[in-house]
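Enquirer: One-letter residues, chain by chain:
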Amino acid sequence: MRIRVGSLRPLVWVGPAVALIAIVVLWPVVVLVHSSLQNIAADGFVVGGAGGRNYSELWHEPALAGVVERTVIWVVVVVAVTLILSLALAQLFHQYFPLRRLARTALIAPWAASVMMTALIFRWALDPNVGAVNIILHALGLVHRFGSNQADWLGRPGWALVWMMIVAIFVSLPFTTYALLSGLQTIPGEVYEAAHVDGAGRGYMYRTITLPLLRPAILVATTINVINVFNSFPIIWEMTRGGPGYETSTTTTFMFILKQSFIGEAAAISVANFALVIVIVLVFLKVTRWKEAVT
Amino acid sequence: MTKRLSAAAVALVAGLGIAACGSSSHSGGGGSAGSGGGGSTTLKLVAADYGTGPSNTSSKYWKGIATAFHKANPTISVKVTVVPWTNFDSEIQTMVQNHNYPDITEGDYFSDYAQQGLLYPASQVMANPGELLPVFKKQGTYNGVQYGMPFTTSTRTLFYNKQIFAKAGIHQAPKTWADIKADATKIKAMGKIGFGLPLGPEEAQAESLLWFLGDGGNYQDAAGKWTINSPQNVAAFTFMKGLVSAGDTEPHPGTQDRTPLWEQFAQGKIGMINGSPALVPIIQQAGVLKSSDWASVPIAGKTGPLTKTLGVCDNVAAFKAGGHAAQIKKFLDFAYQTKYQLQFDHEYDLLPATTAAANQLSSSSLYGSFIKALPGSIQYPSNTSWAQVKTQVQNQIGTAVTGSPSSVLGSLQSTAQKLG
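Top to bottom, those sequences are chains A and B. For the first sequence, my numbering gives the first residue as 1, with consecutive numbering after it. For the second sequence, my numbering gives the first residue as 1001, with consecutive numbering after it.
Honestly, the hints are just simulated from the structure, not real lab data. Hints may be right or wrong, so weigh each one.
[Stated by the list, open to error] Stretch-level coverage of chain A by chain B, calculated; a stretch enters the list once three of its residues show a Cβ under 8 Å from a Cβ in chain B:
| # | stretch |
| --- | --- |
| 1 | 114-121 |
| 2 | 229-237 |
[To be verified] For lysine-lysine, the following BS3-like pairs were computed, each having C-alpha atoms within a straight-line distance of at most 30 Å:
| # | chain 1 | residue 1 | chain 2 | residue 2 |
| --- | --- | --- | --- | --- |
| 3 | B | 1320 | A | 259 |
| 4 | B | 1225 | A | 259 |
| 5 | A | 259 | B | 1079 |
| 6 | B | 1372 | B | 1162 |
| 7 | A | 259 | B | 1372 |
| 8 | A | 259 | B | 1138 |
None of these values were measured; they are calculated from a predicted model. Note that CB positions come from ideal geometry on N, CA and C, so glycine has one too.
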């Protein structure tokens, strides 16, 4: 009896965490998959089973191909540019300079501010008539006339996407930079000194010492960014609502618009999103052989 | 020690379970929240906001009624929630989808809720539904029973800026599409926006219908069959596309919502725009245009002004879930009093929905002509699928002025046919 109680003891410690994950993480996934297989009326009543019909409707959605393509571009560009800029920023913040502490603190601002607020501020700044961005561009001679097609950046899907990517990069920078900065701080100075003695140049040292030793930090930053950017909703919703039509929608905003009228189909695309994120992350970790990097 | 800790852990797990259940099981809605102590009831009212800012938010209007009502009926309180128009549909849809029902809504009306049996018939929650303007009865009726009760109505007209017209050397209000095109071209040359065309999600379905009507088109034919991609409708959008590509409208109409454009009209930046009486207070509040600087005329059609315009009503719906039919009836009979109808109409320059209030206003110089146009006005489709079709129209029809009108309207037509 005493032995059985003893062997159950770890369960008591792990139990709350397991229960929390089961209730908060796993159960919604089960409900989601279940909803995607049901025929749900627009007012939330389950009319009956739908089998795979929600998925086939989704597959035949004319806007789907464009939305998926845009999502891939969105994730790849935002994460790649964020990472490149953050590598440079982390390097900068790793140096000693006056007011470094203040500068490091200031970097938190885009992260601490609500993303929705940041997106709104950018939307106003891009107003074709009175937006700050347009006023600056007009003064520089780049925007020729206020209120014109050219000044209406968010009305043109291509440019709207570019500006939304800029906002997404802006809000992703702080976290990524901090992740990389903490990675930089773990590299012992002696390694550089030794390389310097051996006559290595700065660029060579960066490629052969810094980048390889930063790999765990880069992997973590990339993985978390991919998930965050893929699921990013407020930036696109506040700036263009995914419009005109679905021309600036990613799978996340597309799902939200579908939900208004077609709940089952929206659940189906949520399941697809969920699966896609997991697949992307697994493939990424596999390709980069993360275990080797970490150990 | 260990024993106590494990007991605490077990309690924590149990607590988590209860908390998780608690959050999802409370779906009865606010309707029942106030019932209990002393037989008092709290009705949950969700209304759209017709105001242009904090000074005239509809929250004030409804709270005023709620307070007066509570004085007369101390056992019933009304909890007022006001939602901006742009979010109204999705908020109500989300509440209903989550089975978190209000008792009363005022704003857009969803006939599919009547179909699902979620609503009280008008006869159960109003002493005399026959008082409501008969022209809007069909839109709120499902299977011969009226569920949607019009609360406020409006008709559409073409507003134009007389000042801009005079400067551009135009002496007549536009009557035809050709006039619109010619006038917009002249206004554009002055550096202003010729025609304001709001085809963004806020109310694209209204703007589109006004153009459809100009060519004898509509969303449906007389028999109730969808005709979204009829030759007339495609011709209307082809003409609009011509306006857009010539730069006679604001940039990218597919992304422009009605309210911001109305505000620009009020600032004197737009020559012509289709509007409702609700545009008038926006003009007055902006303080840029004097009342002699603008005018409103019948909407221009392909060959002449529309003889029948779009009549729109916003409805009250009463949800069954709370089981408060008697209390709702008391409140609605109170809120539909002529004085409150008139207060609403004066506040927002909209039209009444009861015969008594309409009669009082029909001799007014501001409202008279609008009210006379109401009985013959054209309505949106009354199908239960209209709510879903409307959402699709709002999201997609704006792309028809940049892409191909026939393919965009064609895809909306097939969605509508699928929804029935």
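Enquirer: Take the hints in turn and mark each one as holding or not.
Expert: Here is what the structure says about each hint:
no. : hint            : in the structure
1   : 114-121         : violated (count 0)
2   : 229-237         : violated (count 0)
3   : B/1320 / A/259  : 24 Å, holds
4   : B/1225 / A/259  : 26 Å, holds
5   : A/259 / B/1079  : 28 Å, holds
6   : B/1372 / B/1162 : 25 Å, holds
7   : A/259 / B/1372  : 40 Å, violated
8   : A/259 / B/1138  : 28 Å, holds
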